[in-house]
Amino acid sequence: MAIDNIGAPSRELEHEHEHPGSDLYIRVAIVLTIVTAIEVVVYYVEAFRGFLVPALIVLSVGKFFAVVGYFMHLKFDDKRFAWMFAAGLVISLSVFIAATAMMWSDEYYLGDVPTTIEQ
Amino acid sequence: MASVVYPAPHAQPHGDTSRGTATVARPKSQTGLRSWLTTIDHKRIGIMYGVSAFLFFMLGGFEALLIRVQLARPENTFVDAQRYNELFTMHGTTMVFLALMPMASAFFNYVVPLQIGARDVAFPRLNAFSLWTFVAGAIILNLPVLASLPSTLAYILGQLFGWVPQFTLPFGNFVPDQGWYGYAPLTTPLFSGKEIDFWAFGIQVLGIASLAASFNFIVTIFNMRAPGMTMMRMPIFTWSTLITSILIAMAFPAVTIALVLLSFDRLAGTSFFSPYNLVDGQLIATGGDPLLWQHLFWIFGHPEVYILILPAFGIVSEVIPVFARKPLFGYAVMVYAIAAIAFLGFGVWVHHMFVTGLGPTPDAVFSASTMLIAIPTGVKILNWTATMWGGSLRFSTPMLFAVGLVSQFVIGGLSGVMHAVVPVDSQQNDTYFVVAHFHYVLFGGTVFAIFAGLYYWWPKIFGKVLSERLGKLHFWLTFAGFNLTFFPMHFLGLAGMPRRYWSYGAESGLWFWNIIVSAGALLIAASVWVFLYNVLESHKRDRKAPADPWDGATLEWAIPSPPPVYNFREIPIVTHRDQLWVEKYGPGDHAHGQEDELDVTIAGAKVGGMTVPDEQAGEQAAQRAETLHAEDDAHGIHLPNPSWYPLISSVGLLVLVLGILIDNPHLQVLFLGIPLISLVGAVVMILGFYGWAFEPASDPVHSDAGMGSAH
Amino acid sequence: MATTVVELQTAHGSGGDIGHADGHAEHPPSSTGMDSRKLIMWAFLASDTMFFGSLIGTYIIYRGRAEALGVGPFPFDIFDIPYTSVSAFVLLMSSLTMVLALGAIQRGNQRGLRVWLLATALLGAIFVGGQYFEFTLFASEGLTLTSNMFGASFYVLTGFHGAHVTIGVIWLLTLVWMSLRGGISQENSMVVEVAGLYWHFVDIVWIVIFTLVYLIPYEEVATGEGAPAVEHSMNLLARLGAALPF
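Residue numbers (the working numbering), protein chains in the order written: chain C, 35 to 153; chain Y, 856 to 1566; chain Z, 13 to 258.
Just so you know, these hints were derived from the structure itself, not from any lab.
Any given hint could be a false lead.
Said to hold, decoys possible - Counterexamples of contact, computed for chain Y against chain C with all Cβ distances above 12 Å:
1. L910
2. H1150
3. T1216
4. F1221
5. G1233
6. L1387
7. L1435
What the hints assert, rightly or not - One-sided and incomplete, this derived list gives chain Z residues near chain Y with beta-carbon spacing under 10 Å:
8. L51
9. S66
10. V83
11. F172
Stated by the list, open to error - If the Cβ cut is set under 7 Å, some of the chain Y residues that face chain C in the computed set are:
12. M1105
13. I1154
14. L1199
15. F1201
16. P1217
Every residue gets a Cβ at the ideal spot worked out from N, C-alpha and C, and that includes glycine.
Could you put together the complete structure from these sequences and hints?
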């Protein structure tokens, strides 16, 4: 059961993990650079306008997971770290998407603005 | 001798000549003021949390009494409207942030490491920093109250003798008066003064303390458990501490950011929370939105409610099984219920905002999610009742308070479900019905549980027995006073009496229940004095408490009362839930049905079964125990040394914040645009952090260290 | 936050301060097998998502309000995408040098550790300096904290991130200092790893900010001169907003 896995003693100790070597990191960094370049290109090229927002979101989510997975070792590390971070991420994403949706307004109506104030 | 070493079984002296690099000499004394200021012992920190929380509980209670004196009769002029606003603001803020939360911290600190069989928390110095930062926040929050004493005194003299001061009083009167949730735009510069800065920075600093403590306890509970104590063998109070800590870690950031934005509004001229900004006497439309404050505040504020109540549930879940002499009914379901309450707690904040007109969809969604929370809460009530069912009950004082919670919290919970219904809530919003609801939850829930916990763990903490006779008197006075105070508030609310009004008309017909409520408040005050008398008497009579006065089930009762500094001579090995009962009585009666078995069946269907991967866990536990014991044998019991740095860092933080807050032109010397006092505070704080970072957690043991002699 | 950072500097034992006092390399196992310092850092990072969630939410809500009131400057008058892309690239590269620093100390290479740590700190400092320059540039073009809600929420969000980077730079330099004093051993590489987690988190936050703040347009009308015409995608988002039942 998932909740008990959190507590069950792990057989793996930290340093038994094989940390990936430098060349993998460099490859990941190159990919990240290319994706960033693509983002900027997508932003400027007229033809991509139709799917600019979804494309940007997909690309940045990809970058996000590349850094978390490789540079922060979550891909290789104890899965419970990943669960912990994912839980926090899911809570904050859902809370703030809901709050932003409720606060979002196409038009902002101020009403009759008083121009002076009685002190 | 530089290090505190206690003898472990078969300990050998151990030599090591490398030295720490601390620049402030390490404190060595173990008694006296200095030892308390530098302590990083979780037990002492817990006691200090408890004492300060109780003092603030008395202060908040005093403020409540003044409110009740004012409302005791219609059109009273005991205080004026402004002071009334200040009283309910400080009452709410003090009770939530300075009384109930730190009281829970006191129990976390004292009890959790004992329950999980550890010698301290994972990061003891961070723990001390949390304590001192809490004290700093409490000072900042209450400085306006202190500074307003001259004007208050003049006010009282004016009321009594008609004396009007002929000179300017120092400081004036600037106590926060906007309510504990600080709704914008009451807090914006347009409508408020310096007091809101103290309030905002005070809560900000308290937030730092709470966050640091929460990270510490998450790690402690995950990582410091005794060998063999799997998550599902943890005492339920430890579970509730873990979940509460997760709630704090996820909820406080929202209010931190809200307060940052508010401080920008107040100090830098932005208008995050106000649609208008005042520029040269002209109102400029900015597009800021007071609703954003409400969202951010309640994204924090609703989980905060569970931060206040979950430790209470944990305490009660410890007390009831012990006094029913029966294992907790449905342990696994109880754990899931706590987790479910915490998780759902993040999805209900809008029910505090039903009358702001968010539209039918948010109202419907959050109404439904609010009602959902009643399910896990109801499960807990059922499990407590089922634990008592068929048990051999002893109604000692802790049990009385625990059962008091079960009965009174149900009333608060039911009125809570009423508030989940949007049309009903729209009627009850901002009336005394709401006041009745949350006092049934926070007093009938949290305060009852705190007293249950105090009576339950008092013999363990102080090694002295409290009088049962006085305890029972205390309980019945509290119980009567509580219901007398808060039950009639339901009637007042339904009769239409609004919250936060300083007075009511003589013709309104509200006087009858109001005088009853005020009388009840006096009864509660009297009951607190009974408790204090009980404490005093217990220390005078000095009746020693045995190690295990209640026939407890958890590890803290396995060690002497009060516990030695190192808690456990030998780190225990845990094989069962309710470990101590199993050790005392064998795995028969008490442990029956706890492990690997179904916990609850409803209509023949298994609901809460847990299988623990026992063989693997057992083998690993044995290995780990062997390592830990070998370590003790080789080095003696190593405890981290006391340290000045947490205190220094917190004092630096306090000075830093005070530098921002003080606006006396003689003190507010700017250096590179930064107040000089703040700069000094920042330097002290950073030096404290660096000293801390470069100071080893505990000094190495020297070969000349006398074995087992602790100075 | 800073205190968490400070506590992590304490280079002793995997069970936090307790349980292992003499700073030897052995690891008395914690109940979960997870290192306490790493665990507290992940707990802090999970919580930090709420900090940035609050700020990013505030920004998204308020960015359009300047537009609605017609009080400029607006995002498209101000943002210089090529410049910020370079900043984003610098921060990405600092993540690379950070993992290389960790790799170095895990192989016991003290000099490599210091070189890569210094490189990371330098890249971080370049980022913060670039942000300072960007802020002064924007201010000279009329965008201040108080000019409109876009300015207020933009500066607070990116400033909060910049503060994170600054703390990170100080932390990295402290690690270099510790390494010079011989305080970081191969077995003790956790000190570096934990700092790395913090550093990479700051990087992923910037990935999110770069997309949500700089690249994605929110307004119905782009008014800036140098801004690309992005009406279509804006309509897309507007449609998305209109489709929501709120």
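Please check whether M1105(Y) passes as an interface residue: C-beta within 7 Å of a C-beta belonging to chain C. M1105(Y) check passes; min Cβ-Cβ to chain C is 6 Å, inside 7 Å.
Hint validity - L51(Z) Cβ closer than 10 Å to any chain Y Cβ: Hint on L51(Z): holds, closest Cβ of chain Y at ~5 Å, below 10 Å.
Given hint I1154(Y) near chain C, where the shortest CB pair must fall under 7 Å: 6 Å, holds
Proposed interface contact between F1201(Y) and chain C, which counts if any beta carbon pair is under 7 Å: Result: holds, 6 Å to nearest chain C Cβ.
Is the interface hint for S66(Z) satisfied, with its Cβ closer than 10 Å to some Cβ of chain Y? 4 Å, holds
Are all beta-carbon distances from G1233(Y) to chain C longer than 12 Å? Non-interface label stands for G1233(Y): nearest chain C Cβ at 21 Å, farther than 12 Å.
Taking the closest Cβ pair, is P1217(Y) under 7 Å from chain C? Because about 5 Å separates P1217(Y) from the closest Cβ in chain C, which is inside the 7 Å limit, the hint holds.
Is the claim that T1216(Y) lies outside the interface with chain C correct, judged by CB distances over 12 Å? 9 Å, violated
Closest CB of chain C to the CB of H1150(Y) still more than 12 Å away: Not fine: 5 Å to the nearest Cβ puts H1150(Y) too close to chain C.
Minimum C-beta separation from F1221(Y) to chain C exceeding 12 Å: can you confirm that? The claim breaks: F1221(Y) does not keep its Cβ more than 12 Å from every Cβ of chain C (closest is about 9 Å).
Min Cβ distance, L1199(Y) to chain C: is it shorter than 7 Å? 11 Å, violated
Verdict on L910(Y) as a residue remote from chain C, using beta-carbon distances over 12 Å: Fine: 35 Å to the nearest Cβ keeps L910(Y) off the interface.
Hints 2, 3, 4, 14, counting from the list given before, are not met by this structure.
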